[in-house]
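A.B. asks: Sequences listed follow chains A and B, in order. UniProt numbering numbers the first residue of the first sequence as 1 and each following residue consecutively. UniProt numbering numbers the first residue of the second sequence as 1 and each following residue consecutively.
Incorrect hints may have been included.
[As the list claims (entries may be wrong)] The list that follows gives simulated cross-link-like pairs (lysine to aspartate or glutamate, EDC-like), each with its CA atoms no further than 20 Å apart: (1) B:343 / B:424; (2) A:86 / B:314; (3) A:76 / B:292; (4) A:105 / B:372; (5) B:264 / A:378; (6) A:105 / B:314; (7) A:86 / A:378; (8) A:105 / B:340; (9) A:48 / B:260.
Hints in this document: simulated from the structure, not taken from any laboratory.
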Amino acid sequence: SCDFAPSGSFSPFRRLPLPAKRKYMRSPLSPEMATQEVPLNETLAHLKTESETLKLKLEEERAKLHDVELHQVAEKVEGLGQFVMKTRRTLKGHGNKVLCMDWCKDKRRIVSSSQDGKVIVWDAFTTNKEHAVTMPCTWVMACAYAPSGCAVACGGLDNKCSVYPLSLDKNENLAAKKKSVAMHTNYLSACSFTNSDMQILTSSGDGTCALWDVESGQLLQSFHGHAADVLCLDLAPSETGNTFVSGGCDKKANVWDMRSGQCIQSFETHESDINSVRYYPSGDAFASGSDDATCRLYDLRADREVAIYSKESIIFGVSSVDFSLSGRLLFGGYNDYTINVWDVLKGTRVSILFGHENRVSTLRVSPDGTAFCTGSWDHTLRVWILMC
Amino acid sequence: MAEGSKDQGGVGTMDPEEDSPNMIVYRKIEDIITRIQDEKAGGVAIRTVKSFLSKIPSVVSGADIVQWLIKNLSIEDPAEAIHLGSLIAAHGYIFPISDHVLTLKDDGTLYRFQSPYFWPSNCWEPENTDYAIYLCKRTMQNKARLELADYEAENLARLQRAFARKWEFIFMQAEAQVKLDRKKDKAERKILDSQERAFWDVHRPVPGCVNTTEMDIRKCRREKNPHRVKKSVYGVADDSQNQLSPVHISSQPARKPTKEDVQKEITFLNIQLDRHCMKVSKVADSLMSYTDQFVEYDPLVSSVEPSNPWISDDTTFWDLEASREPSQQRVRKWGFSLEEALKDTAGRDQFLKFLESEFSSENLRFWLAVQDLKRRPFREVPSRAQEIWQEFLAEGAPSAINLDSHSYERTSQNLKDPGRYSYEDAQEHIFKLMKSDSYARFLRSNIYQDLLLARKKVSFKPMTQDFNTSLFCWDKVTLFKN
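Isolated chain A (complex conformation) (with noise of 0.2 Å):
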């Protein structure tokens, strides 16, 4: 039996019944056979027209369980009134586009990452940059912060993952430290590390995700299911939890298990990739952003998309969301340069932050939640508050 309780205990990968063993059933083709059990030799026409069925009766099954609409809900909940939000630091120094940014645990430093194969981390309460590598490809699109705060992972088109201690000695050269841990067999689009140093989580244009062990490199576990580029993944919140989402080209969200590398829930109602994928803080619930220029909701217990957040004005590619600490708001980065804030619960937008002048990229909300940052085309980072 599961535990419904709303703040997170559910367990959404309770032990299930293996499916029976279907290797025997009557053939309908020959019916002189009819009288026997006979090895199934289904063609793949045979089992794609099953997996149709089958998609059809779970989504009559999911429609079933769809009996209001969370705006309507969250129609008593109380509005959120006039939000101003502002740019309070400005970080420049990159040479190119900015693709990639994490933010340290201890809620001020950050690691960016570029096209130009610069990866620089900064202390972004002071602006004053504190380390920089040059990597030795262009387009370091994915970059993090170890839990710690002593090492930063990055990797892009050289289809690896590195991880680079971080030196208390500035003069010292962290490129010679250096240590290759993960292999991809196409670019790195994204990296994590678990809730330890100890390991990191990447997904990959090859169309996989992977977790390696940080200190020998190997390869702990791989995640096989998608169909096309994985662009963006996001760990579960939860202490214990042992889950990830991931989004990709193929336009799936695919909730994966750490343990067993298998897919357990999966996610298609976007009309093009899923550049971005983030967690309700519950973990109940995930975000995604999409090229379709929307940003959606999808709770896990109901196994279904629960909101949209769109409007008619918007028209470019959701590059990047995160939440804020309570799960009110959402926030996306675009393409047309904006950042849009969603009220999460009732779906309307909360304002449109106008600043970057190029493509935001990359979007985080500090680990505490005082502000979030954004990373932008236009070579910079801005980090942004409420003002109240």
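Fit chain B to the supplied structure of chain A, relying on the hints for placement.
C.D. replies: Quick look at chain B alone, frame taken from chain A:
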């Protein structure tokens, strides 16, 4: 007209993947552009404007475009309409007739619509030879409106140096273009010249302006013609145009699903059908109550005490969080759920302290030890797993925990080949036990209540390590009695 780009045929049409990310945006813009030009259906008035000594054909004012966008795309803020209109201009679908910089102004500035031949959806990647021909031909025509801007003159000079050896060829091509142009009607020429200029403003933008033709490299290779064999804007055959565009990565053909793939899918779907799901109404209530609980802690929605460091430049808020003397607000959060209490190092410490007072700390210490196990390097896992077994589960273990026989059996089996997840079942079981039993008592305890009601000052000696500040974090004295 939206299909016009294909009908026009233009030499640039390469039949790209219709649902590639770029194409999706282009089609949406083209839909807007089509509607906005349809005067009968509420579009803007495209007129010929009389100016000083001449007529300006086929133009519309920026203000009209802005108004149309506001009205037809349900936009409330004019700034948003101007921003969207400027993007449509930057991508080359509309352009100011007297400026190279492609933005939209909410005033009488005159704009023209781009010819579908030049639309970005035709996947143009014009070569420098074409650009050289274009700039060259501009210098051949004695018209004030065709005079080169400074940056264009610089570009031309650079191209002359680069193409020194084939400049005669380029010059001849430019002359040929000028001859063709002279045959056209005067008004038509004005329009075509401006459209051609706007095309180059997109592909060779004014220095400092965004180059909207830049692509996200992750999306490049899915175009049907990833090698983008380039065709000339002016129909000029050239050897160098067979080069592969350096920006494209080799494309992988999309994998066709095999029998195994579909069988896996069927297995997956059957599992999903067995899954017990919640109704959306219940899920909505849950999301709302979670958000409601945490909204006061959300610095991007509510104000924080004493101040948000990013606003005040004062780090007191962070210093307070780092200190293990928690505020009442923070203590209250520990009462939301056992997960919240354990997330906070101070909460974890206090819960451990409470359990020790009851001589039942082994459960939490076990849970923490398993968390630590999962954070270890692969190499260390087997030995740590054994240590945990010895401490908590073996016969005569110093900190024996109570597991149901089923979990005990499974764990014992797992330990034959110890891994990071060997204790998952056990940890889940122990967590549920703590949640239903000791956690509830903790919330009622003096230790907790004193903090919640700020009844007395308590000394804060750290009892558990912060996971996030050290790699090799476990002090054996804390977790293990031995």
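A.B. asks: Can you list which hints this structure breaks, lowest number first?
C.D. replies: Result: hint 5 breaks, nothing else.
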